[in-house]
Structures are given as C-alpha cells and as structure tokens.
Amino acid sequence: MLFLIAQIGRTSLRQLAGMGQMFLFLLSAFAWAFRPPPRVRLIIQHIRSIGVDSLSVVLLSGVFTGMVLGLQGYYSLRKFNAESFLGSAVALSLLRELGPVLSAFMVTGRTGSAMAAELGSMKVTEQIDALYSMAINPIQYLVSPRIIAGLISMPLLTAIFDVVGIYGAYLIGVGLLGVSSGSYFAGMQSSVVFHDVWSGMLKSVSFGLIITWVCCYKGFQALPMATGVGQATTESVVLCFVLILVWDYFMTSIML
Amino acid sequence: MIRVVDLHKAFGRQPVLKGINLDLETGKITTIIGGSGSGKTVLLKHLNALLLPDRGSVLVNGTDITKIGESALNNIRQKFGVLFQGAALLDSMTIYDNVAFPLREKTKLPETEIQTRVEERLAQVGLSGMGYKYPAEVSGGMKKRAGLARALAMEPEIVLFDEPTTGLDPLLGKSIHELIRKMHTAFGFTGVIVSHDIPEVFKISDRVAMLANGVIAEVGATQEFVISKNPVVRQFLHGETEGPLAVL
Numbered sequence: 007m008l009f010l011i012a013q014i015g016r017t018s019l020r021q022l023a024g025m026g027q028m029f030l031f032l033l034s035a036f037a038w039a040f041r042p043p044p045r046v047r048l049i050i051q052h053i054r055s056i057g058v059d060s061l062s063v064v065l066l067s068g069v070f071t072g073m074v075l076g077l078q079g080y081y082s083l084r085k086f087n088a089e090s091f092l093g094s095a096v097a098l099s100l101l102r103e104l105g106p107v108l109s110a111f112m113v114t115g116r117t118g119s120a121m122a123a124e125l126g127s128m129k130v131t132e133q134i135d136a137l138y139s140m141a142i143n144p145i146q147y148l149v150s151p152r153i154i155a156g157l158i159s160m161p162l163l164t165a166i167f168d169v170v171g172i173y174g175a176y177l178i179g180v181g182l183l184g185v186s187s188g189s190y191f192a193g194m195q196s197s198v199v200f201h202d203v204w205s206g207m208l209k210s211v212s213f214g215l216i217i218t219w220v221c222c223y224k225g226f227q228a229l230p231m232a233t234g235v236g237q238a239t240t241e242s243v244v245l246c247f248v249l250i251l252v253w254d255y256f257m258t259s260i261m262l
Numbered sequence: 002m003i004r005v006v007d008l009h010k011a012f013g014r015q016p017v018l019k020g021i022n023l024d025l026e027t028g029k030i031t032t033i034i035g036g037s038g039s040g041k042t043v044l045l046k047h048l049n050a051l052l053l054p055d056r057g058s059v060l061v062n063g064t065d066i067t068k069i070g071e072s073a074l075n076n077i078r079q080k081f082g083v084l085f086q087g088a089a090l091l092d093s094m095t096i097y098d099n100v101a102f103p104l105r106e107k108t109k110l111p112e113t114e115i116q117t118r119v120e121e122r123l124a125q126v127g128l129s130g131m132g133y134k135y136p137a138e139v140s141g142g143m144k145k146r147a148g149l150a151r152a153l154a155m156e157p158e159i160v161l162f163d164e165p166t167t168g169l170d171p172l173l174g175k176s177i178h179e180l181i182r183k184m185h186t187a188f189g190f191t192g193v194i195v196s197h198d199i200p201e202v203f204k205i206s207d208r209v210a211m212l213a214n215g216v217i218a219e220v221g222a223t224q225e226f227v228i229s230k231n232p233v234v235r236q237f238l239h240g241e242t243e244g245p246l247a248v249l
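In order, the protein sequences belong to chains A and B.
If you want our numbering, it's the position in the first sequence, counting the first as 1, plus 6.
If you want our numbering, it's the position in the second sequence, counting the first as 1, plus 1.
Note that these hints are calculated values from the structure, not bench results.
Model, not experiment: these values are computed from the prediction.
Treat the hints with care, as some may be off.
With the Cβ distance kept under 7 Å, some of the chain A side facing chain B (calculated, not the full set) [unchecked claim]: (1) 58; (2) 133; (3) 136; (4) 138; (5) 241.
Note that the Cβ used here is the ideal one computed from N, Cα and C, for glycine as well.
The shape of chain B in the complex, shown without the other chains (with noise of 0.2 Å):
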C-alpha cells in the first residue's frame, strides 16, 4: 500500500503538487490522469523518492520513504519497478544486458539463473532472440516492450509507469496495454500508470485519480469515475475547452 499525505512541490517559485492525497491499494492498478503539465510525472517520481517533497510525507508499507536514509530508501526501492516514458535504457548495453542488470547488480544469482530469468522476461514481452540488440537498433515499441522487461526483472511488488504508450501509434499503444494487464495478471504488482491515453487506458485501470491545479480533483473505481459528475473531470474526458480546467 502506498499512501500520499498532503504532498507539495514547488520548482522555484512555479508550485506544482499544492497537497496530494491519495491511497494507491496493493494489487490494483491505478492510473493517474491529468492535463499536460498537471504534475503527473512528478508525482510518479515521488513515489520512490526520484524526487523529495516540500512538505507531506509518502508511505511505503508504512515507511516514510521522504525521511529515511540512503540504504533503507534503496531497500525499498528494490519493491519497485519503473517503466519510464523513453524506457531509460542504458544505450551502452545490449537489450539482454539491460535486463540482466538489476539481477547482475543486486542478486548474487549465478549467470545460468540470469540467463534464465532474462530470456523469460524477454519471451513474456515479445522481444525472444533479440536480446542482443542496442537500444539504438530498435524501434520505440519495442523498447518500451525492453523496459517493462527489465522493470520486471526483479519481480517488483509495485511498478510505475510513466506515460507507457507516449509516442506510440494506436495498435502499439494497445498491445503495450495488453502487455501492462498480462503482466499484472502474471505477477501480481501494485501498478500506477500515468498516462494521456483516454479511454483506452482505463481498460487495464481498476482505479483512476485525476490530478488538476495541483490537487486531486477525483478519485475511485473506473467505472464510477467515468460517469463521474464532477465538472473537471466531465470537462477533460470530453475534451471541452469550456469549463473549470483552463486549457491556455
């Protein structure tokens, strides 16, 4: 369970985050969804402590991740994975090599094992034999396809993802979704999703949370929140420029 309690963020004098609340319930997956430059991404990045607060506290299991030190903050963030928006692959290594890092870094696994986990989580994400490609030598799908490969490496409790179908055409975008669902339904993680990708991202959302003005203005079950009555979030899933949101 992760808990964030009345969460600020300021960049210089622009306040981003202005008091987030909000419970995200083990084993489900929560899409957070909100207006480009709303401050998705730097909530994400709260969550495992990528970024500190000003003020207010994240609860990881009950520890505040913002208040401890260096090495209990890297125990818990090995409970996480992360899928970022360019997948983040280190452009230096192979695809196969990305994946087995976190195991070569962070287990005492031998190589055989390593290999083993490494060629099942490429197999689980339609990336079998081409393990030994650079990031640089393939497409932008299957990268992200190579990202939530290593992000699952570890076999996470949780995993984040930022803006997983960003940059990609519609079919992609969906067989990453169905992706996103298959391996939760295989492993069982905690996911927090933030995306633009309306509606088809509330397919594989059991909850969603929408963040405006730096608050969040709604929050619940998919299908209650897309009947929703409140007028932010009528006004954004119907994308009207007139209403409480102001577009420029």
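For reference, chain A alone in the conformation it holds in the complex (with noise of 0.2 Å):
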C-alpha cells in the first residue's frame, strides 16, 4: 500500500516537474524573441514551411468538410423546412468550431510531426549541442523563430478553411441539393457576427501557439537513442491533438 502511494506520489511529482519544463521552455522562447538579432530571415523561412507548406492540405480538407456540413446540415434542416438556414448554420460552425480546429488538426500532421522530428534529430546528433558550442543559443535560434511564425500562420491557415469550406457546403447545397443562392448568403450575412470571426481567429492564435511549443518542446527532450526520435514525434502529435481539443472547451466556454 505504502509502496503504490509513494510510486502515486513519484508519478505525480515527474510530471509536474514536466509541466514546468514546459512553460519554462515558452517562457524562454518568448524572452528570446525579443533579444537580438532579429530572426526575420528565419521567420519567412518557417511561415512558409509551417503556412505554405501546409497550404494544400489544409485546401483539401477544407472543401472536403464544407462539402460534408453541406449535406449533413441540408437533410437535418429539411426536416424542419429550414434548408435556407443552410449557409448561416455551415458559416456557424466552420468559424466558430471546424475551422480553427480542424486545420490545427492538420497543421499538427503536416507540420508539427515533423519539426519535433528535425529537432529531436538535431539533438539525437549532437547539433543542439553544436549551437551551444559556437554560443548560439538553440532556443533563439531553432525556437522561438518558428512560434512566431506559427502564430502568424494559423489564422492565415484558418481563414482559407473557413473560406474553403463555406464555398464546399455551397457547391452541394447550392449547386447539387437545389438551395437558394441568394438565401444561402443572406442567411450567413445575417447570422454571423464579428465575434464569430474573432473568436475563431483567437482560437487559432493560440492553436499555433500550442503546436509549435508542445513540437519543439518534445523535440528537444528527445531521447539519444533509436526509438528516441520517433517516440518524441508521436508525443508531440498526440499532447498537440489533446491540448486543443482542451484549450478550445476552455476558450468556448470563456467567448460564448
């Protein structure tokens, strides 16, 4: 019994000590960013891997999910003769909901699976320690760079979701299900606030702020050996995928 409340108590202890790494780590990314020189250079660098880079994937699955809120949501409102509410219920939940979350999804697939692999990597052979040496310091240099840049990127990324998906619940309720242009559009119109917009694209913010801390924090803890790499990128997916799903609870139930 004494034996199961102390390895409780160990567990518990280690992973607190972890939690606090964490923040550290972001609080040390921050700090850095705001120290010369200025990582401009870098910063372009890493939009367009974290942005453009992700750019079709985040296209493809956007059209794909509006295409799916437009049929899932024509035949559940017909029930209700309410199909010209179409457009305000698709714009609804892919500003508020889908679409940061969503294109967050794929962002951590595309791209932060595979900066926690470049980085975990760049530990695993020693060129962390390479920085260290030529007094460079990694957090400056490999860090906070690409929170920048992710904290540019998502809404950006999240914006062309939204855009995408609205014009993919449109192609099948309008062009395929016989729904009304005009009522499609005059339904958004009238529903959708710039809270809505807002707070989606708050959400994201703080999405891209999540992966790429939560990426290469678990990059830079990985382990020297040969599973450590791979161990350190499945974790950094996995913690990505759970830490939105929690902070956007949290950030609905603050902003509704």
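Need the complex rebuilt from these two chains, each delivered in its own frame; the hints are there to steer you.
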C-alpha cells in the first residue's frame, strides 16, 4: 500500500516537473524572441514551412469538411423546412469551431510532427550542442522563430479553411441540392457577427502557439537512442491533439 | 589554461566523474584516454559548460565557467572550437554555410571576407570546391574535415575533439590526426582530444591523461606516459583483461 502511494507521489511529481519545464521552455522562447539579433529570415522560412507547405492539405480538408457540412446540414434542416438556414449553420460551425480545430489538426500532422522530428534529430546528432558551443542560443535560433511563424500562419490557414469550407458547402447545398444561392449567403450575412470571426481567429492563434511550443519542446526532449526521435514525434502529435481539444473547450466556454 | 578542480558528475544514481583534477596546458595537445563509458566525453563537455557539474569547478583563464551567467559564458565559449564525434554539422545547410555560420552569427565581417575565410579553411582541410554539398551527401571522413573547418573558422584559442577518428578506417583516421597536427602548428591552439585510437593518437599528443573509475589515474608527457608503471595504465595500453580495471 505504502509502495503504491509512493509510486503515485513519484509519478505526480515527475509530471508536475515536466509541466514546469514546458512552461519555462515557453517563457524562455518568448524572452529570446525579443533579444537581438532579429531572426526575420528564419521567421519567413518557417512561415513558408508551416503556412505555405500546409496549404494543400488545408485546402483539401477544408473543401471536403464544407461538403460534408453541406450534405448533413441540408438533410437535417430539411426535416424542419429550414434549408434556407444552411448558409448560417455552415458558416457558424466553421468559423467558431471546425475551422480553427480541424486546420490545427492538419498543421499538427503535416508540420508539427516534422518539426518535432527535425529538432529531435538535431538533439540526437549533437547539432543543438554544436549551437551552444558556438555561443548561439538554440532556443533563440530554433524555437522562437518557429513560434512566431506559428502565431502568424495559423490564423491565415484557418481563414483559408473557413472560406474554402463555406464554398464547399455551397457547392453541395446550392449546386447539387437546390438551396437558393441568395438565401445561402443572406442567412450567413444575417447570423454571422464579427465576434464569431474574431473568436475563431483567437482560437487559431492559440492553437498555433500550442503546436509550435509542444512540438519544439518534445523535439528538444528526444532521447539519444534509436526510438528517441520517433517517440518524441508521436508524443508531440498526441499531446497537441489533446491540448487543442481541451483548450478549445475552455476558450469556447469563455467566449460564448 | 584550463584547470579542472574536484569535478563530480552523476546521472541519476550513476556517478560518472568522482573528483577529477586536471590541468590542460596552454598551446599543447592533451589527449584523454579511458575505457568505453568511463566518462571521457562527459568530462570534455564540462570544459565549455555543455554540461554542468554537480560539484567542482572548471577554470578557463582563471574564470570559473560553472558559476557565470549566460552572457559571460557565451564570451568564453567563443574562445572554443569543438569537433563533435559525428561532426554535428547542421544538415539544413551546405558545408560552405556550416563553416560560414559562426562567422555570420558572431562577427560583423562583410560577406566577401567571410567567403575568403571559409574557402581558406575548406582548402586547409582538403575540401576545396566541396562547399556546395550538404552533409548528407558526403562521407564520414569529409564530414569530420568539414566539422574541423567549422571548429577553426573563428580561430579559437582552445579546440575540443570528441573521438575525431571513431568510425573511420585507419588511413582516414591517420589523415585526420595529421590534419589536427597541421592545424595545431598553423593556429597554435590548446587542444583536448578524447580518443580510443591508441597508439596513433599519441603521435600528435603532447600530454596524455587517463580516466579510470571516475578519476584521473595518470597524467603526464606522452613519452613518460607510455612507459608508465601505473598498473591501470599498463593494463589499458596493453589491452589486458586481467588487472585493476574491471573489463566487464
């Protein structure tokens, strides 16, 4: 019994220490982001890898999410003779929830995992030690630019996901199922307010932070063994998904 | 001058260094030898504070680098060049950019001057015209040469070599040793080599220290070291399984 309590205590302390380390890592990344030299070129490079390189997967998932919403929404609303509300139902669900969350999932899978694997491999092959030995802080060189790029790229990708999703639903609802184009957009105009757009964008910024922070941290913690990088990558993706969903709930409950 | 005083380091419950005392003389090459897992690389990583000790000090030109802030430590780190075991070249950059990297980051030299310096270093290590290649596209020996060119780019006072010939065939290993000696003659740095490559590494060493059981078992000039009567040194140099050193 005593052994069990000791084990629980040890595990809890280890988890707590890990969380503390993660927060210190984030604080350090923010502190280094404001110290010279400015890493503009690196930030642009990472905006390209997080934003531009994720564009195709975000477009594809956005259009199909919209199409599914169009189909499901149409048949659900038809039961109440409310097909004209299809536009507002699609827009609200995409802008408030699905856009930020699904685009964050796509970026986690596409870029976050690659980020954790790249940094993990750098850790294992002593490239991070090499930066320290050249008097270059790896947090400033490797982490801060990625976090800034994530904060910039994520809301842009979410905005693209939302727009593509709305047109995907339009394609099905208006083009295939016969909802009038006017009522599709008029319903959207009358029900969507700026707060809906703003809350979705705020969520996407925070998801950008979560993805880059967690993936960089896990990469830096990769163990120097054959499974180290793989394990860091898997852990980063799983933790991102969980944190995105948990944080989404809290943000939704605050901003409703 | 680097002075290591009463250095202790443990990983979890496993003590690795148990009170290292060692002076590394300025302008000389000191080689640290010892069995696998004896803590040679751990000791080397303490010399430029890549690892911090549990107890003890590392004095570089009189400054204890285990007790200074990041900014002061970075100033001292700029005196060091390091050749890592796997060269640790940044894989996202070409060899040219790897060698230019510390110059671009830590100096305000114009790009033309950087180009001259990088090409000079690459020529010195026999990699002229190979700068456009990425680390993944070159052999292990070439990576080590490129790593050496990067380590010497800033003309450091102290260069640390972590097993510079591990994984290379005997001829390549010999050529890396010759290169280290040639660079030492050209730059006059203080060199610290961690190596298993016995007796080849003795040809380029001014002094040798042996690490065993977490302490320095013997240190001295190379000629004296090889004829040492210390049973630990004799057992290791002659590759005997019987003796004071536990083999398994």
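- [ ] Tell me, in ascending order, the numbers of any earlier hints that this structure violates.
- [x] 1, 5
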